[in-house]
Amino acid sequence: MKNKTTTLEDIIGLEHTKLGFFGELKNRNAELRDSNLELGRRQREIQAILDGITDVMAVVSFNFTLISVNHVFGEVFSQKDPRGDFCYRVFRERETPCPDCPMVIARETNQVCRKLHIYSLGGKNHQFEITASPIRWSNGRGYRFLLLMRDVTREKEYQARCYHAEKMATIGVLAAGVAHEINNPLTAVNGFAKGLQRRLPRLEACLKEGRASAELMADFHEYLETILSEGERCRDIVQELLTFSPRKKVVFAPVDLRKLVLEVLKLLRYQLNRRTSRLICLELDEAVPPIMGVGSELKQVLLNLIFNSLDAIREKGTITIRTCRTDSWVVLSIMDTGCGIPAEHLDKLYDPFFTTKPVGQGTGIGLSTCYNIIRQHQGKIEVDSVENLGATFHVKLPLPSMVKHE
Amino acid sequence: MGVLKFSVPEIFFGRESLKYSSICARRLGAEKIFFVTDPGLEQSGWIDVIFEILEEKNLGWVHYSNVSSNPRDWQIQEGADLYREEGCDVVIALGGGSPMDAAKGIALVASNGGRVQDYEGANRIKRPLPPMIFMPSTAGSGSDISQFAIVTDVERHVKMSIISRTLVPNISIIDPILLTTKPRELIISSAIDAFSHAVESYLSPIAFPVTEIHSLKAMELIMKYLPRALETGSLDDLEQLSIAGTSAAMAFSNAGLGVDHALAHSLGGMLDVVHGLIHPVLLPHVMRYNMTVCQDKIADIGRIVLGRSLGSAEATAQAGIEKLEAYFDSLKVTTRLRSIVPDQVNLSQICEMAIQDSCVLSNPRAVTVGDMVGICEAAW
Ligand SMILES: [Fe+2]
Numbered sequence: 003m004k005n006k007t008t009t010l011e012d013i014i015g016l017e018h019t020k021l022g023f024f025g026e027l028k029n030r031n032a033e034l035r036d037s038n039l040e041l042g043r044r045q046r047e048i049q050a051i052l053d054g055i056t057d058v059m060a061v062v063s064f065n066f067t068l069i070s071v072n073h074v075f076g077e078v079f080s081q082k083d084p085r086g087d088f089c090y091r092v093f094r095e096r097e098t099p100c101p102d103c104p105m106v107i108a109r110e111t112n113q114v115c116r117k118l119h120i121y122s123l124g125g126k127n128h129q130f131e132i133t134a135s136p137i138r139w140s141n142g143r144g145y146r147f148l149l150l151m152r153d154v155t156r157e158k159e160y161q162a163r164c165y166h167a168e169k170m171a172t173i174g175v176l177a178a179g180v181a182h183e184i185n186n187p188l189t190a191v192n193g194f195a196k197g198l199q200r201r202l203p204r205l206e207a208c209l210k211e212g213r214a215s216a217e218l219m220a221d222f223h224e225y226l227e228t229i230l231s232e233g234e235r236c237r238d239i240v241q242e243l244l245t246f247s248p249r250k251k252v253v254f255a256p257v258d259l260r261k262l263v264l265e266v267l268k269l270l271r272y273q274l275n276r277r278t279s280r281l282i283c284l285e286l287d288e289a290v291p292p293i294m295g296v297g298s299e300l301k302q303v304l305l306n307l308i309f310n311s312l313d314a315i316r317e318k319g320t321i322t323i324r325t326c327r328t329d330s331w332v333v334l335s336i337m338d339t340g341c342g343i344p345a346e347h348l349d350k351l352y353d354p355f356f357t358t359k360p361v362g363q364g365t366g367i368g369l370s371t372c373y374n375i376i377r378q379h380q381g382k383i384e385v386d387s388v389e390n391l392g393a394t395f396h397v398k399l400p401l402p403s404m405v406k407h408e
Numbered sequence: 031m032g033v034l035k036f037s038v039p040e041i042f043f044g045r046e047s048l049k050y051s052s053i054c055a056r057r058l059g060a061e062k063i064f065f066v067t068d069p070g071l072e073q074s075g076w077i078d079v080i081f082e083i084l085e086e087k088n089l090g091w092v093h094y095s096n097v098s099s100n101p102r103d104w105q106i107q108e109g110a111d112l113y114r115e116e117g118c119d120v121v122i123a124l125g126g127g128s129p130m131d132a133a134k135g136i137a138l139v140a141s142n143g144g145r146v147q148d149y150e151g152a153n154r155i156k157r158p159l160p161p162m163i164f165m166p167s168t169a170g171s172g173s174d175i176s177q178f179a180i181v182t183d184v185e186r187h188v189k190m191s192i193i194s195r196t197l198v199p200n201i202s203i204i205d206p207i208l209l210t211t212k213p214r215e216l217i218i219s220s221a222i223d224a225f226s227h228a229v230e231s232y233l234s235p236i237a238f239p240v241t242e243i244h245s246l247k248a249m250e251l252i253m254k255y256l257p258r259a260l261e262t263g264s265l266d267d268l269e270q271l272s273i274a275g276t277s278a279a280m281a282f283s284n285a286g287l288g289v290d291h292a293l294a295h296s297l298g299g300m301l302d303v304v305h306g307l308i309h310p311v312l313l314p315h316v317m318r319y320n321m322t323v324c325q326d327k328i329a330d331i332g333r334i335v336l337g338r339s340l341g342s343a344e345a346t347a348q349a350g351i352e353k354l355e356a357y358f359d360s361l362k363v364t365t366r367l368r369s370i371v372p373d374q375v376n377l378s379q380i381c382e383m384a385i386q387d388s389c390v391l392s393n394p395r396a397v398t399v400g401d402m403v404g405i406c407e408a409a410w
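Residue numbers (our numbering), protein chains in the order written: chain A, 3 to 408; chain B, 31 to 410.
Hints are computed from structural coordinates only; laboratory data are not their basis.
Just so you know, even glycine gets a beta-carbon here, dropped at the ideal spot from N, CA and C.
A few of these clues could be false.
In the DSSO-like style, the derived pairs of lysine-lysine whose C-alpha atoms are separated by at most 30 Å in a straight line are [as the list claims (entries may be wrong)]:
#1 K117/A <-> K268/A
#2 K362/B <-> K20/A
#3 K353/B <-> K20/A
#4 K28/A <-> K247/B
#5 K87/B <-> K20/A
#6 K20/A <-> K62/B
#7 K196/A <-> K126/A
#8 K20/A <-> K156/B
#9 K28/A <-> K62/B
Label pairs and their calculated CB-CB ranges [claimed, not checked]:
#10 E11/A <-> N88/B: 44 to 50 Å
#11 S74/B <-> I137/A: 56 to 62 Å
#12 D302/B <-> E11/A: 30 to 36 Å
#13 R114/B <-> Q113/A: 52 to 58 Å
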């Protein structure tokens, strides 16, 4: 027990005195100061973490009153200081709690709840992913909610776009496969039809003269014409479908879009009558630099879009073809004042064989071909449309400096 | 003479000084008092007086009275746990040496942690104790003044001495009125304990004038007022005994004790006898043993006991010791060791334990186990 025997000096205890609390207090003070500094540092760290969160954060009481919000709130919502106000009033301009409130679900299940809500911000609908998590006392009972609100509008758009691209790729492979399969028999059909056509004079020579023979020959002539013209139509469709297939490496050359537009219009000269040709306005920026691409393919795209627009305006209205450049794109826009595209059609626009034209008047592969061509140019094709007011297709092609080399 | 030291608490002395206890406690920052008494005091009515005084100052308290005479280590532990559980801040003790020593132990363990055994010996306390206010109800133990605490280690059957200036209470409130309700035996044993404190501290090699005058004054007052107090029971006489006890305590806290107390502690640890009643048995023999080295000082004591000087210092000293033995006899207290200690107890075992006691250090004459056995045999 004793590791040192007591001496008389110990009892006098010259070096010992009744211990007071002063030293203790001093130490405690120093400790408190240190821990205070540490707490301050930690608080700043946590604040920095919180400030780094780019979602709207709000603490809400059980009765839907906003207790506090983070700085992102001010960037997203217009209200200055929402504290003390009801969340449903601030976020959705309602007078009663929302029927599908994630906080209510979180409270009932005592678990984190996630929901998608659509808020109208500045006249535009935004999709928000709301996460409500109960904040608990140390005894585990919840007393408030932490709301995290993330604007996922863009994410959802990207998701849709990604989904579409995937669909297009699948359909493209399918269509190209079918086209290849049809191509050979079609060549045979066309070849043999031409062969038959060449043999028609000889057939005629073999026939006895007479009305019946003349009628038979007329039928042969007409039917073969039909076979050949329809066969050619089939060949064209097959050719277009083949653009869906991953193509062989083609050589991109500089293409001047302005020249391209003018050439296409020259091509169209015969198809447009005097009235319709006046409906087309040009706003071609001479400063637009050439882009890299395949001229014939781009011509095909432009032709397609112009035909679509002509259909849309039905000989009254205007079509404006415009070129311009942005930071990373050269944009070719074809704007019409036609009937526009119904909203429900927008996401099917580029699907192969989707068409609103009567059977026999369109194959429905025009725009899907355009989509494929532009995609192969590393570009984008987008549409703005207001029903009954018109539609604008934007073909965005990358500036040569922005092209990714594969 | 080397450098010596004299330290005492703030002392309140006088009738009805008890009422200052709550004011002192407040001044020391108290909100919840840890109040230690012995169970015997509960019937006396003094506890309720203190509670009233505390209540007046809106002080809360926790009352702990599970303290036996010769406080045990586990009682200290229990008290310290209670102190911490209840979040007390100041320790007040009311009673004799036992509750005061217990209160010191509790204050020590509550603030420094560990077990009371960890602090056995001198100057082993590292951190301050909660403020202590002690109100002695006997005029003997001096625990309200001293830097000692004596606690029994139940397992080892040893009285542990804990020595530290930090154990000196902050405030000692000595109210003689407390003595008026004491039985005769307690007044005698307390006075004899105080007398033995005075004698041993006077003979100590580290005694110096500041302690010596207290020793001498204490002896003088006890010789004069103990018989009168026993006869009259008057407050005036009891008050003088109170002063004597306090003086003796101031002396021994600073100058230390001697072999008489070393043996008393050892016997107390083994047999649980009343501490004050061991001195009539041993003190005269210890004085005789010490005579060879401090005859003059023992003669000083003789002069007080006899009330006069004899021809030589030796004669005065001898006669003084004899007179003292006769006086103890007249008080009808035991003066033979055999009436305290059962036959089967091994004396040398007791002495071997006593030689470890720190009181041995301040005995004027060096002592061996054999010397101690000799003293015991002489007292048998
Ligand atoms: Fe004593």
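Hints, one by one, checked against the model:
no. : hint                          : result
1   : K117/A <-> K268/A             : 55 Å, violated
2   : K362/B <-> K20/A              : 41 Å, violated
3   : K353/B <-> K20/A              : 40 Å, violated
4   : K28/A <-> K247/B              : 42 Å, violated
5   : K87/B <-> K20/A               : 27 Å, holds
6   : K20/A <-> K62/B               : 23 Å, holds
7   : K196/A <-> K126/A             : 60 Å, violated
8   : K20/A <-> K156/B              : 10 Å, holds
9   : K28/A <-> K62/B               : 24 Å, holds
10  : E11/A <-> N88/B: 44 to 50 Å   : 45 Å, holds
11  : S74/B <-> I137/A: 56 to 62 Å  : 57 Å, holds
12  : D302/B <-> E11/A: 30 to 36 Å  : 32 Å, holds
13  : R114/B <-> Q113/A: 52 to 58 Å : 40 Å, violated
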